[in-house]
Amino acid sequence: MNERDIAKTITNNEILKIIPALNQKVIVDLVNSINVAKSTINVQSVRNPFFTRIFDSITGISAKRQKSINANLANGLDNITNVVSYLIKIAGVSGKVINNISKSLTNVNNNLSLLANFSYQTRKLFEELNDRQEMLEKKINQVDYENKADRHITQEFDAWAAGRYDNFSLSARLYTTLENLNWGDFGSYLRNPTFDGVVKERFLRQIVDKSVIQLRLDLSKIFTTNCPTVKEWYQFPEETLIDAKSALLYLSEYATEKDRPFIHAFSVIDRLPASKLSSEIPRFFKPQRIVQAMAEEVLSKK
Amino acid sequence: MKNRSDKNYNLVLCGGGALGAFQAGVIKAFSEIGVSIGCVSGASIGALNAAVVASSSTLKHAANTLESIWMSLAEKSPDASSAVLQTGLLSKNNIKRIICNFCDNSAFDKGISFYVSLYPKESSITRFVELITTSFTDEDTPESDYLLIQELAPEDRIKAIVASACLPWFYGSEKINGKIYTDGGQGRFHSRKGNTPAEPVIKNNRESTTIVAHLESDSPWNRFDYTDSTIIEIRPIPPLSKDFTDIFDFTKNKILSYMSQGYDNTMKTMTKIADFMNSLNYLDSVFSKQIEISKELNSSSLKVENAMQKIKNLKRT
Chain C
1 MNERDIAKTI
11 TNNEILKIIP
21 ALNQKVIVDL
31 VNSINVAKST
41 INVQSVRNPF
51 FTRIFDSITG
61 ISAKRQKSIN
71 ANLANGLDNI
81 TNVVSYLIKI
91 AGVSGKVINN
101 ISKSLTNVNN
111 NLSLLANFSY
121 QTRKLFEELN
131 DRQEMLEKKI
141 NQVDYENKAD
151 RHITQEFDAW
161 AAGRYDNFSL
171 SARLYTTLEN
181 LNWGDFGSYL
191 RNPTFDGVVK
201 ERFLRQIVDK
211 SVIQLRLDLS
221 KIFTTNCPTV
231 KEWYQFPEET
241 LIDAKSALLY
251 LSEYATEKDR
261 PFIHAFSVID
271 RLPASKLSSE
281 IPRFFKPQRI
291 VQAMAEEVLS
301 KK
Chain R
1 MKNRSDKNYN
11 LVLCGGGALG
21 AFQAGVIKAF
31 SEIGVSIGCV
41 SGASIGALNA
51 AVVASSSTLK
61 HAANTLESIW
71 MSLAEKSPDA
81 SSAVLQTGLL
91 SKNNIKRIIC
101 NFCDNSAFDK
111 GISFYVSLYP
121 KESSITRFVE
131 LITTSFTDED
141 TPESDYLLIQ
151 ELAPEDRIKA
161 IVASACLPWF
171 YGSEKINGKI
181 YTDGGQGRFH
191 SRKGNTPAEP
201 VIKNNRESTT
211 IVAHLESDSP
221 WNRFDYTDST
231 IIEIRPIPPL
241 SKDFTDIFDF
251 TKNKILSYMS
261 QGYDNTMKTM
271 TKIADFMNSL
281 NYLDSVFSKQ
291 IEISKELNSS
301 SLKVENAMQK
311 IKNLKRT
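Chains as they are written, first to last, in my numbering: chain C, 1 to 302; chain R, 1 to 317.
Hints are computed from structural coordinates only; laboratory data are not their basis.
Heads up, the beta-carbon is just placed ideally off N, CA and C, and yes, glycines get one too.
Worth double-checking, as some hints may not be accurate.
Claimed, not checked - Label-pair ranges, simulated between beta-carbon atoms: (1) C:M135 - R:S299: 39 to 49 Å; (2) R:F276 - C:I98: 19 to 29 Å; (3) R:N253 - C:K67: 33 to 43 Å; (4) C:V143 - R:Q309: 40 to 50 Å; (5) C:A116 - R:S299: 37 to 47 Å; (6) R:S299 - C:L114: 14 to 24 Å; (7) C:I58 - R:S285: 46 to 56 Å; (8) C:K89 - R:N253: 51 to 61 Å; (9) C:I98 - R:N253: 37 to 47 Å; (10) R:S300 - C:K89: 18 to 28 Å; (11) R:S260 - C:V83: 29 to 39 Å; (12) C:L112 - R:F276: 40 to 50 Å; (13) C:L204 - R:Q309: 28 to 38 Å.
Next comes chain C alone, as it looks inside the complex (with noise of 0.2 Å):
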């Protein structure tokens, strides 16, 4: 019989069938029958005496004794192979019973172990797709502070092309553009340590370019030269109002003359000779040196 012949067997009560139980009548009689033979033995051997013998000799007294206890022994032989096939069969099929017990519990054992490796790979998984899903939320987070920089790019020079700082100074338009951008969504986005560094630098090589293109259309509006004078850079238009440009002192009052050159002209100029002016600021310059210096001073220092 093989285990699974086993598991069947058990299954369909055919154990019971295989070991039919022991009926009450044969475990009394292996009990009684000895019990029998031992009080007629008993009998047996106190009729010792001479007469005695041949008496129950002769009346056949002896024989039928010894019959009795005959046939009780037989009896109770014949009731104890009963009983101890009885045991043997239960001892072996309890042995594959128990045999059965452990395949099914190694069996468990090790769907338990596999379970337990899924469970491990499982968590893994998820670890890597929590890892995963946190590194797109970041990056989600990222593209959406790029998109808002870069509509907030957009959306200065568009003011500025469009004229709202007409009444500025040609420094003082790319200024304010630049001061607009560094505490708006674009300031958020390049101050942000965790952003990439190549969008960033992407980003401030745009608002350079933007800036320079801009400035050259303004510059071409009003002057007649690519590379006007310190002052000419700095000069408002006559019908500018006072508010606007005590505006601009004040977004500049933090610069220093050696800091922030040229952002710290703003507050002199009107008060100063050009050649009183930073050292580090060209009498003539063209729009790349001032963009890479204003820029240079509200994004980049500190």
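Knowing the structure of chain C, use the given hints to seat chain R on it.
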């Protein structure tokens, strides 16, 4: 008369004169074990004991009554050790007096089935020839008659018990339904079938276990003549009588000793059977539990296996 099917045991009480006190001890032990009797039979002194069992409401009550009867017999026993003097205790009048004092005739109608073994009386010469031939040849005496007490007229019931319980040869016979009877122990003498009236109780109640209370340790009665029935024999170990005169010895010491031995022998026999049965039942219960666990584990294992298969398929997809 009731044939109490809920009562699982038949009781057969053999004959043996004063040795019958042994059965008082046997019945006391069974009453303590909690056995209920559904049918009883008796031969000779066993018929007297059986009459008490049949007319008592419970085996416990019967045990108490029998103890009183046997103690009163012991009290009345002459001091002399002469067997002849003591045979008077098994006289017709004494037996009749005992039955009338301790058994209510009408109680038999309410009680369990009760058979008495009786031997049809032959002439003195015939009986003498019978004695010689049965003693020295294989020739056996005829079968006893087994009369169901409840089927007899009330006046014949006492006669039947008296006829069986009185000493044959000494105290004669009783006429019942036109037939003269003496002690039933004489029927089928070689195999003691008349003295061990198991035949009628087994026929009447074959499904039940039959208890046979012998008074002879080496009785040639053969349990294997009844292969379909479960039989528990209680035999005296050691033998009760050393010689023939002991069956007339009603002295107090002997009676007390027989009763005590009956009780001890029964308890020992039943304890052995019960111990063996309990061991096998325990083995059975352990084995059944083992199979039950195996089934449950098998089923769980299959469930885990199926679940794992699903997981494996999931991994593949």
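Going down the list of hints, with the structure as the test:
1. C:M135 - R:S299: 39 to 49 Å: holds, 46 Å
2. R:F276 - C:I98: 19 to 29 Å: Given range 19 to 29 Å: holds, Cβ gap about 25 Å.
3. R:N253 - C:K67: 33 to 43 Å: holds, 35 Å
4. C:V143 - R:Q309: 40 to 50 Å: holds, 44 Å
5. C:A116 - R:S299: 37 to 47 Å: violated, 22 Å
6. R:S299 - C:L114: 14 to 24 Å: At 19 Å between Cβs, range holds.
7. C:I58 - R:S285: 46 to 56 Å: holds, 54 Å
8. C:K89 - R:N253: 51 to 61 Å: 52 Å Cβ-Cβ, so the 51 to 61 Å window holds.
9. C:I98 - R:N253: 37 to 47 Å: Given about 59 Å between the Cβ atoms, the range is violated.
10. R:S300 - C:K89: 18 to 28 Å: holds, 27 Å
11. R:S260 - C:V83: 29 to 39 Å: holds, 32 Å
12. C:L112 - R:F276: 40 to 50 Å: Holds: the Cβ-Cβ distance is about 43 Å, inside 40 to 50 Å.
13. C:L204 - R:Q309: 28 to 38 Å: Violated - the Cβ-Cβ distance for L204 of chain C and Q309 of chain R, about 60 Å, lies outside 28 to 38 Å.
Of the numbered hints given earlier, the model fails hints 5, 9 and 13; all others are met.
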